[in-house]
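J.: Residues per chain are reported as follows:
Number of protein chains: 2
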Amino acid sequence: MRNVKEDMLLANNHISVDCVVIGFDGERLKALLIKRVGEEEGEVFHDMKLPGSLIYRDEDLDEAASRVLAELTGLKNVHLMQFKAFGSKNRTKDPKDVHWLERAMKLKVESIVTIAYLALVKIDRALNRDLNDCQACWVALSDIKALAFDHNLIIREAIAYIRQYAEFNPSVLFDLLPRKFTAAQLRALYELVYGRQFDVRNFHKKISMMEYVVPLEEKQQGVAHRAARYYRFDKKIYNKIRR
Amino acid sequence: MRNVKEDMLLANNHISVDCVVIGFDGERLKALLIKRVGEEEGEVFHDMKLPGSLIYRDEDLDEAASRVLAELTGLKNVHLMQFKAFGSKNRTKDPKDVHWLERAMKLKVESIVTIAYLALVKIDRALNRDLNDCQACWVALSDIKALAFDHNLIIREAIAYIRQYAEFNPSVLFDLLPRKFTAAQLRALYELVYGRQFDVRNFHKKISMMEYVVPLEEKQQGVAHRAARYYRFDKKIYNKIRR
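These protein sequences, in sequence, are chains A and B. First residue of the first sequence: 1, per the numbering used here; consecutive thereafter. First residue of the second sequence: 1, per the numbering used here; consecutive thereafter.
Honestly, the hints are just simulated from the structure, not real lab data. Built from N, CA and C at the ideal position, the CB exists for glycine as well. Possibly wrong hints are sitting among the right ones.
Have a look at the derived ranges for each label pair, beta carbon to beta carbon [to be verified]: (1) A:Val172 - B:Gln220: 36 to 46 angstroms; (2) A:Arg242 - B:Glu40: 40 to 50 angstroms; (3) B:Lys180 - A:Val172: 32 to 42 angstroms.
Straight line, CA to CA, 20 angstroms or less: simulated EDC-like cross-link-like pairs of lysine to aspartate or glutamate [stated by the list, open to error]: (4) A:Lys89 - B:Glu27; (5) B:Lys89 - A:Asp62; (6) A:Lys93 - B:Glu63.
Start from the sequences, fold in the hints, and give me the full structure.
T.: Have a look at this one:
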């Protein structure tokens, strides 16, 4: 503290939380985004952003993340974990973002430190029912265009974080899958997370090594191709092995 | 953004960085702390805190962490990684902390979001030479008393983070060890990080399974007990196995 230079301004920032909710629909990884409408130099623009907002004074970070996600998307009871703070001065370098925010919040905004949270969910009817009344929608990662602020960077870092996390705790990947899933779905998920192809036969061997991925008697129904077997993730076996 | 209640005050916080530098001296895990002198209700008090400080406007978080650590402890070229943001309103619930900070910074302080960084180092003469002119000192984790703000909590979470990180990337533990180390030192480190005892014989087996822990021809010299063999960590072998 002794070394603080009195002629330098200390950071006094607004704090926001941004939620990266990643879902899997059996084929693609998607992020939950909300629509943004703004006006810049007399032109109306439409684009997208992560569900996020400035937080209130006296609000804890974790509380704020849950509140903001529920308010902006309708999603509740989603397990959010903090994964990184973003505080570069470049976050607010685009005047379009600053003007939009100042209009929305009715206050002068300089820089914002955002605390990013991550959640992994399965995209299904139950989840999407909660989304109905909101402006939120699922966008496949490969289809995401330029987002507000540094939100593209935040999503990239979230995916890198998932990859690293899954390395020592593969159970998180099963949060993305339906209760019963096919080997093809599990392989598609691995390919998306790790950004590389897995050989079909080798992947079947890999599955048979995962004692916690249990084959069911049940098979797909009403499919044009040969019906595939379903599997389920067994949390009890997983925890037993890992202990 | 639509849902911000106009009658609620938005957080507008000072931002700080706090650096948890964890070192190992061959026997104990220690944290680098700095001394704090303050006055509360007419009484002078002495205690300790993590090296940390408010950051300047226009300063990136990573830059700020390196600057603050160097200014307060003398340590440079230490690899700091961001591990968690702490923003609970309870962080500044102790008036002693707030008054101390307001006096040091000559400004009104309400709440502070701190971004915590972590570094793992080996405590040796070269490192301690840089510390000389500072108020910084190494305190064994088990000897740490009540620290300023929520710094005890931040250190606890840092240790939990190391344990989790080492699970999938054990190479980080070797950042804590000297270039050559004995099996007993490695075992002591594992016991400290994992908070449990390892059987000596089983641990020797464990070492022999780690291809990247290479036995040297060299043994300890001038020790009263039977001289132990030295080992070294081979980064090349480690990277090859992990790829």
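J.: Each hint: holds or not?
T.: Verification of the supplied hints:
no.	hint	result
1	A:Val172 - B:Gln220: 36 to 46 angstroms	holds (44 angstroms)
2	A:Arg242 - B:Glu40: 40 to 50 angstroms	holds (47 angstroms)
3	B:Lys180 - A:Val172: 32 to 42 angstroms	holds (38 angstroms)
4	A:Lys89 - B:Glu27	violated (42 angstroms)
5	B:Lys89 - A:Asp62	holds (12 angstroms)
6	A:Lys93 - B:Glu63	holds (18 angstroms)
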